[in-house]
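On the provided structure of chain A, position chains B and C as indicated by the hints.
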Amino acid sequence: MFTLINLVQPDTVEEAYRVLTEKKSNAILGGCAFLKMGSKRIDTGIELSKLNLNYIKEDDSHIEIGAYTTFRDLEKSPILNYYFNGVIPKSVADIIGVQFRSIVTLGASVYSKYGFSDLIPTLLTLNCEVELFKGGRIPLEEFLKSAYEKDILTKIFLKKNHRIAVYKNLRNSKSDYSILNVSVSNIDSKYIIAVGARPAVAKIAKKASEYLNHGNINEDTLEKASNIAAEELDFGDNMRGSAEYRKAMCCVLVKRALKEVLECR
Amino acid sequence: MKVVGKSIPKIDGMAIATGKPVYTEDLVMKNALIIKILRSPYAFAKITSIDVSKAEQIEGVECILTYKDVPQARFTLAGQSYPEPSPYDRLILDQIVRYVGDEVAIIAAVDEKTALKAMKLIKVTYEIFEPVFDFEKAIENKSVIHSEEDVHCNFDIGMKKDKNIASSQYIEFGDVEEELKKCDTVVEETYYTQAQAHAMMETYRAFNYIDHAGRLVVVSSTQIPFHVRRMLSIALQIPASKIRVIKPRIGGGFGGKQTAAVEIFTAIVTLKTGKPSIIVYDRKETFSCTTSRHAVKLKVRLGADKEGFIRALDIQGLSDTGAYGEHASTVFGVLGQKTLPLYNKTNAIRFMGDVVYTNKMPGGALRGYGATQGTFALEGAVNKLAEKLNMDPSEIRLKNLIKEGENSLLHYDKMLGSSTLHKCIETGKRLINWDEKYPKVELDDNKVRGIGMAVTMQGSGIAGIDTASAEVRLNDTGDYTLLIGATDMGTGSDTILTQMAAEILETTMENITVISADTDVSPYDPGSYASSTTYVTGMAVVKACEDLKKKILENSARLLDVPKENLEFLGDKVKILNKDDSISIIKLASQMVLGTGKNQLVGNATYGSEVSPPPFIAGFAEVEIDKETGKFELINYIAVTDCGTVINPNLARMQVEGGIVQGIGMAMYEDVRYDFKGNMQTNSFMQYKIPCRKDIKNITVAFEESYEPTGPFGAKSVGEVVVNTPSPAIAHAVYNAVGVNVTKLPITPEKIFIKMRK
Amino acid sequence: MQIVIIINNKKTLLDVELNEFLADTLRKHGMLSIRKACNTSCCGLCTVWVDGKPTLSCSLLSIKAVGKNITTIEGVQSEAENFAKILVAEGAEQCGFCSPGFIMTVLAMKNELKNPTEKDIIHYLTGNLCRCTGYMGQLRAVKKYLGVN
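Chains as they are written, first to last, in numbering that gives the first Met the number 0: chain A, 0 to 264; chain B, 0 to 757; chain C, 0 to 148.
Just to be clear, a hint being listed does not mean it is correct.
[Claimed, not checked] Pairwise CB distance ranges, derived in the manner of DEER restraints:
id, chain 1, residue 1, chain 2, residue 2, range
1, B, Lys141, A, Glu230, 44 to 52 Å
2, A, Lys258, B, Asp183, 46 to 54 Å
3, C, Lys109, B, Met28, 35 to 43 Å
4, B, Asp110, A, Lys49, 26 to 34 Å
5, B, Asp183, A, Met238, 42 to 50 Å
6, C, Lys142, B, Lys45, 54 to 62 Å
7, B, Asn389, A, Lys144, 57 to 65 Å
8, A, Asn217, B, Leu442, 20 to 28 Å
9, C, Asn68, A, Asp233, 45 to 53 Å
10, A, Met238, B, Thr272, 39 to 47 Å
11, B, Gln71, A, Met238, 35 to 43 Å
12, C, Lys142, A, Met238, 31 to 39 Å
13, B, Glu403, A, Glu218, 57 to 65 Å
14, C, Lys109, B, Val185, 58 to 66 Å
Hints listed in this document are in silico derivations from the structure and should not be mistaken for laboratory results.
Here a beta-carbon is modelled for each residue, glycine too, at the ideal position from N, C-alpha and C.
Chain A extracted, bound-state conformation (with noise of 0.2 Å):
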């Protein structure tokens, strides 16, 4: 259980970061379903109700995602449901149950750069952005790369188009985390392979995804595209899961997934 010494609610983004970096055991309180499982001590907890960041909206480019926006609202958000077939929906749906979709949010869950994140390879085939207060608007790859910063996530941008993506995952149980997932993208047959759950967190498979814009799309260039893609990432052993299996089960995933994507035309 961890320990909260003070807390505030700031009227504002830059009051909230202020306090965050006031002092290291500062924190952003989000869903704090994964918070309380740990014994972090805190000093002063920044609790981002009043920012109003719980939101989902579209304007003539992008659509626009608070970062307090909770699963739950981007599993039956009419916006998400019809963009891009539906996908981010799709990722978040088996996730545990509806009252536990109902706590997390999605700032917390990418900010923290889940390795089990069912959400962020499928943002990372969107082409999301995120934007950060002090970071800036920043690709999601970009921000998932970078190293470790005190920052607040404020909210994603998804480009609106016609891509179409698609989300593959391997669980035992329907309730477990992944064993592997992966999210393919393709807009005017450039595609984007994302695979996740390596145990590691989402990585986008580029030579994969490069491999298939340039040439043909039949039987064998999908099946040499899932085997490039198992190759170019890394792969680790966790209690789910070796990193043997997921390696080949990248292959199987990868495939399905763009199979899956092209019919979906």
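Here is chains B and C on its own, set in the frame of chain A:
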């Protein structure tokens, strides 16, 4: 029958469904001290110093106990009838700690925050010993887990503790090696079953207080109130008559609460402080500091003759009982008892092996209790034998399984009193469409479906040992009170025992009040384990009610001044035969208690059986495997059950469905795992996956009732047998689908994939 | 810290720690139907409604519940009893420990989903674990309650 055989709703159903405060934690008084336990971070160590001085000074801390503050008499926490077949190898707090999580200090404070604050200030130094984790390396390991001199057993269970052996067993009939040589076909296979967690929804908790007469009252989420009373008496060295144990509604047990994990801590704190105290284990402690199913390695050899009769059966086992031996010998014993008699055309049978200590959380009682592990191995071997003989797996069973009226080598002088197992197999085959689907159906290039089967037996109570008493009283207002010690853990025993009473007394459920599981009020009962409640306690209830009925007739005869033979009992009245004269039960009751009768009528009985009539299940599984990933779905499970007469069809069905799903968990998802330092990695529902709703597709339950002559209304039991068939049936289905024989549970996609690739 | 939460339509003044979760606050306040069974936000036994939506009370800080309308089973007793009768008639509550949280989720589902299929029902209820019943009896009872075939 009017009441027995009907799906009567549970008498506590509405209260517990709508969240009424009837569980242990809901009943505790507000000022009870909160107890927390400081636990060992090491798997095997000796406490060289422990300093609680700073912790004791914190305001609100009532007492802190270490190994120096507890009685030095060893005891067992096992819920077994006295004399327990369990080593007395425990102390309340021991200077030696034997698994990560073993108790080091008991802290009692006014609230949780203070107790946890104090815990941090306790300074402990340890001398670390080399731990033993691998049960296959435990025997004669240079690290001896119980080297203390004062470990003792009530009688010989084959303990050789200096070799880390808690129990050693050997049963043989005929000459197995000779018989195997004579067999035309022999199969051999080694199986591993994993440790499984109970994962009951209500974690372990208990509270204590001293009552107005200076007695220690224990309110606990327990399956074994009478054993707890005796255990506390031995451990705390106070008379049992000074202890009262009460079980309120409890949130599941499955055998976990057949080991008294927590009562000892609240008891000692309340005794020392004079104040009420409560302990509530969180989920992490429940997973890692109580008990789990024994992990077992089993080598099975089966030999058959030319006609396909199984003539020799040899099971050699090694069981991991962890740090303490509560259920070491009995789980292992049951493994043999519930496998050896099933196939009774044998000329020679043998069950042998050792139960070893290791530095892990102890093995305990978990539904199935050894029969589960044995069934996985035996049925796997029978399926393997069927294939080698080119026989249909159902045929080899129909040919070799014991039938009603037959005996077996293990029970030579006892005939099987009831069985419809053969009919269960036929029914199950029909329900799953065995002939069309066996062994597999290819769906397309990648997906294939396979079916498999397994059978099992359990027991009903422990023959010659389990004894239960019941009392039924006719109250002044003409209604009845039924007093029993049986512990309803949600199974509905309060309800079905009332059904039995209502049937005998020819009255309604509403006219009988059942009071259970309070050692001050209830007559003795072992508690709910060994599938004894319906059969043993049920028979006691039946006999007590018949005793009361007899007394009602005798006393009615007196009051009506007619011979007893001229009377008939009609439920609401006693009537003179061939006449209109009668006396109502209400009037009789009033007369007996308040009027001229001067004899409040009570019926009582004590029952124990010389046999443990087995319930049987035939289980059939259908899986659909994705050949590219090894992932499979269990698309269909059929369980056909013989539990004798079904007392309450809805509740019996629920037992089967619930047990099958626990069995599916053991087959496919659940696995208690430790890291290389002995820390339990699977200490939460996040890491330990019990089946969730989406994992369960279709379970079909059917009953083929037999009639057990020694059981109440012909009933046997159903509580444990239900968990045994899924693992072997699913393993068989997987084998038939893709030719992969997974002999180590759980059956995971990766295991299938890796084996397929080979 | 003193906060005001609306519990079962009643404005309630409570004294809470900053790091206190709603499940503990509610139990201290006498809502004993709330059960904490897992510590890892996995089991659903602590389900309450937050503004009508089923949420894990064990994972919601009480300070975050300020101004929200919290409903426990104590506040919807007659609807709960309507469903509970069907559940009990089915024999589908065994130990009952998971039942209140389960019923809260079922009632929320009834409010939220119109004409759910069996698949929708299983999806909605999957966050409520049960160790005793094997889920089949609960599903039969829910289908009867909703009039789904």
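Here is what the structure says about each hint:
For lysine 141(B) paired with glutamate 230(A), a C-beta distance near 46 Å keeps the hint of 44 to 52 Å intact. The hint said 46 to 54 Å for the Cβ distance between lysine 258(A) and aspartate 183(B), and at roughly 51 Å that hint holds. In this structure, lysine 109(C) and methionine 28(B) meet the distance hint of 35 to 43 Å, their C-beta atoms being roughly 38 Å apart. Taking the beta carbon of each, aspartate 110(B) and lysine 49(A) are about 32 Å apart, inside 26 to 34 Å as hinted.
Between aspartate 183(B) and methionine 238(A) the CB atoms are about 45 Å apart, so this pair conforms to the stated range of 42 to 50 Å. Remark: the range hint 54 to 62 Å for lysine 142(C) to lysine 45(B) is upheld by a beta-carbon distance near 59 Å. Roughly 60 Å separates the CB atoms of asparagine 389(B) and lysine 144(A), a value that falls within the hinted 57 to 65 Å. Between asparagine 217(A) and leucine 442(B) the beta carbon distance is about 25 Å. The supplied range of 20 to 28 Å therefore holds.
Under the hint 45 to 53 Å, the C-beta atoms of asparagine 68(C) and aspartate 233(A), about 49 Å apart, fit the expected range. The hinted window of 39 to 47 Å between methionine 238(A) and threonine 272(B) holds, with their beta carbons roughly 42 Å apart. Restraint check, glutamine 71(B) to methionine 238(A): a C-beta distance of roughly 40 Å satisfies the suggested window 35 to 43 Å. Hint check: lysine 142(C) to methionine 238(A), Cβ distance near 36 Å, so the stated range 31 to 39 Å holds.
For glutamate 403(B) and glutamate 218(A), the Cβ-Cβ distance of about 60 Å falls inside the hinted range of 57 to 65 Å, so the restraint holds. In this structure, lysine 109(C) and valine 185(B) meet the distance hint of 58 to 66 Å, their C-beta atoms being roughly 60 Å apart.
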